[in-house]
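Heads up: the sequence lines are chains S and D, in that order. The numbering used here applies: residue 1 is where the first sequence begins, and numbers increase by one. The numbering used here applies: residue 1 is where the second sequence begins, and numbers increase by one.
Hints were generated in silico from the structure; no laboratory data involved. Glycine is no exception: its CB is placed at the ideal position from the N, C-alpha and C atoms. Treat the hints with caution; some may be incorrect.
[Said to hold, decoys possible] With beta-carbon atoms standing in for the labels, derived distance ranges: (1) D/140 / S/161: 12 to 22 angstroms; (2) S/57 / D/85: 47 to 57 angstroms; (3) D/125 / S/67: 55 to 65 angstroms; (4) D/41 / S/162: 18 to 28 angstroms.
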Amino acid sequence: MKQLAQRLLGPVTLVSMALTVWLGLVVTPPDKVQGDLARLVYVHPAVAWVALYLSFGTATIASVLYLWPRTRSVVADRVAHSAMEVSLVFIALTLITGSIWGRPTWGVWWAWDARLTSTAILGLLAVGYLALRRANDDPTLRAKRSAVFAVLSAINVPIIHFSVLWWKTLHQGATVFTANRSLLIHGIMAWTLLLSFVAFSLAYAWLVRARYRLEVARERLDNEAITEAIAARVLEGRS
Amino acid sequence: MVITEPADLSPVAPPPSRSRGRRRSIVVLVVLAGAILALLSQGLLHNLNYFKTVDEVLASREAIGAGVIRLEGVVAPHSIQRTATGTDFVVTGSAGSIPVAATGTPPQLFQANIPVVVVGHFASAGSKTFLGSSIMVKHTAAYIAQHPNRVKAPNGTVR
Chain S
1 MKQLAQRLLG PVTLVSMALT VWLGLVVTPP DKVQGDLARL VYVHPAVAWV ALYLSFGTAT
61 IASVLYLWPR TRSVVADRVA HSAMEVSLVF IALTLITGSI WGRPTWGVWW AWDARLTSTA
121 ILGLLAVGYL ALRRANDDPT LRAKRSAVFA VLSAINVPII HFSVLWWKTL HQGATVFTAN
181 RSLLIHGIMA WTLLLSFVAF SLAYAWLVRA RYRLEVARER LDNEAITEAI AARVLEGRS
Chain D
1 MVITEPADLS PVAPPPSRSR GRRRSIVVLV VLAGAILALL SQGLLHNLNY FKTVDEVLAS
61 REAIGAGVIR LEGVVAPHSI QRTATGTDFV VTGSAGSIPV AATGTPPQLF QANIPVVVVG
121 HFASAGSKTF LGSSIMVKHT AAYIAQHPNR VKAPNGTVR
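Input sequences plus hints: build the corresponding full structure.
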């Protein structure tokens, strides 16, 4: 069952992505104000959801699990690392798609408002996390330090989420995660938006799984290299 | 193999990986803190709020004088006039309105009844007219079909 789910992850992701593209570009109507530009709503929010909540959240939870002595494991460290790397990619995509959307609608590529600036800072924090991992050679020390860093960085996520409520921003308010359930987004547009969230979440799971497996393979290669080096030294000593 | 002198058995200093790791970690954190502070100074420390609404500006009109601000308001209907150098229009809040003379080309979504943020300053400390150097459209989070009542005829044409 688990194996089947893992094998189906890739194809299901691709099918839901293709469905999102078809619904988003062909089936859904243009928006009253934004026209065809509104179609970016089927990309940008879902990408941001993966970047901020899904992947940064996974990295944070895995880091907490690593720091908690009873749940400490190398698996948690690897998951945190993989999720954070995927998070960085999606934060970059969030900023890029947002910028592409901002130019024609707002009139500017970038605005130093609270939402955009705090998201850029989260991207920097993700870069910092990965740099911190490279700065430490000792695996235990690396895992601990990066886990602490990830948990501290996660403070920024609620700041980004509430930035549009706490401060006046050029960025629009919450569309999806809002208490205001009055019809802000119409029928098929809402369903396509929902599907885009599913599709990008699946893509996220697929990417993290691949990255995790890569890390396991890399560690095994490292260990084999060490074993080989020791064996070579032993042979040297004998001759 | 003949050993001519006794091997050096004194303890060897451990490899400096731990302290080197610490030094590198500190460098990473310092660079990061610097970058974040730079971003913050660009974006947030100036003012956590990106703009001032028409009502706020009218309430603190004297303090603002002719300083550069970002002004937010809704474009009043029938107020948009193209000029030789740009666009004239009126932005309204709930308590009043401010006439704007903006230069340059407005964004493509610029239209009546849409909220905008205008960067600029008042013509003088006592002037009522706001001189805008750039207009940003602050669209809402509503997504409503352009022609919800339009139906497709059986032959595929849209009515």
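Which constraints among the numbered hints does this structure fail? Numbers only, ascending. The structure conflicts with no hint, since it agrees with every one listed earlier.
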